[in-house]
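Top line first, the protein sequences correspond to chains A and B.
Under the working numbering, the first sequence is numbered contiguously, ending at residue 418.
Under the working numbering, the second sequence is numbered contiguously, ending at residue 1418.
Calculated directly from the structure, the hints in this document are not laboratory data.
Hints are supplied without guarantee of correctness; some may be wrong.
For the chain B half of the interface with chain A, some residues (derived, Cβ under 8 angstroms), not all of them [what the hints assert, rightly or not]:
| no. | residue |
| --- | --- |
| 1 | 1004 |
| 2 | 1065 |
| 3 | 1119 |
| 4 | 1146 |
| 5 | 1176 |
| 6 | 1272 |
| 7 | 1283 |
Simulated restraints on C-beta separations [what the hints assert, rightly or not]:
| no. | chain 1 | residue 1 | chain 2 | residue 2 | range |
| --- | --- | --- | --- | --- | --- |
| 8 | A | 23 | B | 1081 | 17 to 25 angstroms |
| 9 | B | 1362 | A | 65 | 26 to 34 angstroms |
| 10 | B | 1093 | A | 26 | 24 to 32 angstroms |
| 11 | B | 1304 | A | 269 | 45 to 53 angstroms |
| 12 | A | 23 | B | 1309 | 55 to 63 angstroms |
| 13 | A | 300 | B | 1304 | 40 to 48 angstroms |
| 14 | B | 1092 | A | 270 | 47 to 55 angstroms |
In this text the structure is predicted, and so the values were computed from the model without any measurement.
Here a beta-carbon is modelled for each residue, glycine too, at the ideal position from N, C-alpha and C.
Single-letter residue listing:
Number of protein chains: 2
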Amino acid sequence: MSVSRQAGRLVASSPVIADAHFLAEADPYHPERNPNGYINLGTAENRLAWDLLAPQLHAPRRVTAEDTRYAPLHGTAALLEVIARLLSRCWHTDVDPEHLVVVSGATAALDVIASVLCDPGEAIVVPAPYYAAFETDLCGRSGACLIPVPSASCDGFRLDPAAVDRVLSDARRDGRVVRAITITSPGNPVGHVYAPDTLRALAEVARRHGVDLISDEVYAHSVFGPDRFVSIRHPLVQSAHSSQTHVVWGFAKDFALPGLKAGVLHAGNPEVSAAVRTLAYFAPLSTDTQFLLHALLTDTGWADSFIAENRRRLRMSHTSASRRLAEQGIPHIAVGAGFSLWIDLTGWLPTRTFSAEEALRRSILQDARVNILPGMAFGCAEPGWFRLCHTTDSALVQEGIARIGRLLAARGEGNRNG
Amino acid sequence: MSVSRQAGRLVASSPVIADAHFLAEADPYHPERNPNGYINLGTAENRLAWDLLAPQLHAPRRVTAEDTRYAPLHGTAALLEVIARLLSRCWHTDVDPEHLVVVSGATAALDVIASVLCDPGEAIVVPAPYYAAFETDLCGRSGACLIPVPSASCDGFRLDPAAVDRVLSDARRDGRVVRAITITSPGNPVGHVYAPDTLRALAEVARRHGVDLISDEVYAHSVFGPDRFVSIRHPLVQSAHSSQTHVVWGFAKDFALPGLKAGVLHAGNPEVSAAVRTLAYFAPLSTDTQFLLHALLTDTGWADSFIAENRRRLRMSHTSASRRLAEQGIPHIAVGAGFSLWIDLTGWLPTRTFSAEEALRRSILQDARVNILPGMAFGCAEPGWFRLCHTTDSALVQEGIARIGRLLAARGEGNRNG
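Only chain A is shown next, with the shape it has when bound in the complex:
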């Protein structure tokens, strides 16, 4: 009695960050009722928008019998159509709904595109630090593996196409079969918004090496800084490589609906599109939820004002959290998108090692009772960096940062710059 080797591998490599999330959520802080409870700043969840969403989600849902029946498993025509319209505006280019699929989450979308492009053992190059779940989402079922491209704190962990090029060249020289480059854009965990030049250079690297490019743009509408978001499919970027460029989007981040598991994938060419539809069969999205999402996007007045107001709140939340961090003397990278801050705790590590980073993480979780994720979870090359999510009640964020500040102070100023 035992499970298959493929399932055993997945169980063994299951991401641990989910555990800390559910631990923290099971015993949440409350100023009066549970002052010693956990503060979860580990999960990239936008909790600032519920008042905007509730009226829409509570509105009577006049589904018809047809809406509950078998539908195309890659998404209903109606939902794909309105998503195409939304992405057309965002990308500043016409999006054909025929190239889109909707699946049950951005995770499923990443799994689908990785499985369509890669056979087991083949590689995907990812600039690091990268989205912590890439390892599971891109590799878990496809059998692909990741090759990280390190970036450095002295450069602000910026995306460097030349570094991607070098890693790709080295990998191929070593006989690795590389099938794709995957980025998050805007970046997660760091939060950078990429310039068209950078994206164009990256697409050119992919083209020269003949590998596909996957751009995970789940934060496309969650940009609040001075730099405008530019999709990999924006006319300013569009390269000779667009047919091998694929985009992931979803409702989890930009519409603050992570429970609804609505992931979107745009395939760059008909062959990939056909294969993507075939795989979408295994992870379809409930037509009931598709009906709701269609209603949200069809009401363009609501959708536009939601996006604008959400941006405003993200900016305020980011500013407020940044200020608190500064008050505690905790440095962070200046960014313009996303739900988190990439904070620098290297000064409080007794040694510049990942075991010291992990010890600090555990101390922050167990002693300060704050959940934040360590750089190691994101494949960061330098120990001591953490991702702190700020998109929740600002009093919670303040308390969380204050707790971290007190813990760091107690570790002794001696460690600072140590």
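Model the placement of chain B on the given structure of chain A, informed by the hints.
Leaving out everything else, chain B in the frame of chain A:
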């Protein structure tokens, strides 16, 4: 530029039956507006229950912010709890919610359990005719392959554990690694309800060979004949093999909600359960839909009366369709469950071949403009059998059967018994 070998295989083996479904649905018959339109009797979809469902689906859905957030990806505790209660009543044994997962459809549940049990190239033994999508659902992503166990019309295509035993022994003698036996119970496409003795004998075959047993019980509550449904986990069946017995259920058939993609999997032991949860991560169900399904099952008064009334309607629909078939001189197998009738058109095949069966299918689709599925799609060993789904508007079913009757009559009485 090409897709992976694993994706290519899936595209190549994609089931064709979906095409006929969407062809028929795109141009539907209406007595006045489209008298020459298609009648779709190919899809096992229950269209008899909408009036019972609509009030529940239209009721205000008071989701809270929590209901839209990240939740355990194998199902919310609340939904798993009420599903466990429903299945406890159905199975006549206590079901622990810890052993259940909810995923985005019964297809995903089958994919998950097959991937947990099998590595590529390993085999699953299935009594034939079997559910047409088993090939894709069980093998598409897991890499497993099916070994059918033929059954004969002279035996009414009944499930024969001794035949399963022989096929399993032969396969293992040939060096095949067999990991599981999979059945549909009640049977699909034929519609048999299995006796406890038969199920016990089957579990004993699985135990003796040391293979797992997967029972797809998506029609568990759609039994209307004289024989009571008995789950593989019913105390009358329970064998020494229960820890290696896994059950698939869902809301598509028994609650007539196929669009909602709510599949359920009950794992027989903790190791399989842990692996199943890990794989559920890739095909989660929208928490919004989970909220709805929880509301449906929590209202036990509604759920019980839905199940009872639905059974009554299925019985009426089955009786009416059987009578129409008899009027047209079309034989079928007497059954007590499911949405379809297994009809015998062997008498109208010019030759007893699958190419003649396919020619007849195409003629029924193109000339009579009725979609029904041929035995070949279900791995039936004898050509000439078709699955006709009757769980839709009875006037449609009558018109569909009448059209088939006219087409068969036009093919000449000479072919009858030919």
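Hints, verified against the model:
1. 1004: holds (5 angstroms)
2. 1065: holds (4 angstroms)
3. 1119: holds (5 angstroms)
4. 1146: Because about 16 angstroms separates residue 1146 (chain B) from the closest Cβ in chain A, which is outside the 8 angstroms limit, the hint is violated.
5. 1176: For residue 1176 (chain B), the interface hint is violated, since the closest Cβ of chain A sits about 15 angstroms away, which is over 8 angstroms.
6. 1272: holds (6 angstroms)
7. 1283: At 4 angstroms from the nearest chain A Cβ, residue 1283 (chain B) passes the 8 angstroms test, so the hint holds.
8. A:23 / B:1081: 17 to 25 angstroms: Because 21 angstroms falls inside the window, the suggested range holds.
9. B:1362 / A:65: 26 to 34 angstroms: holds (29 angstroms)
10. B:1093 / A:26: 24 to 32 angstroms: holds (30 angstroms)
11. B:1304 / A:269: 45 to 53 angstroms: holds (51 angstroms)
12. A:23 / B:1309: 55 to 63 angstroms: violated (45 angstroms)
13. A:300 / B:1304: 40 to 48 angstroms: holds (43 angstroms)
14. B:1092 / A:270: 47 to 55 angstroms: holds (52 angstroms)
The structure shown violates the earlier hints numbered 4, 5, 12.
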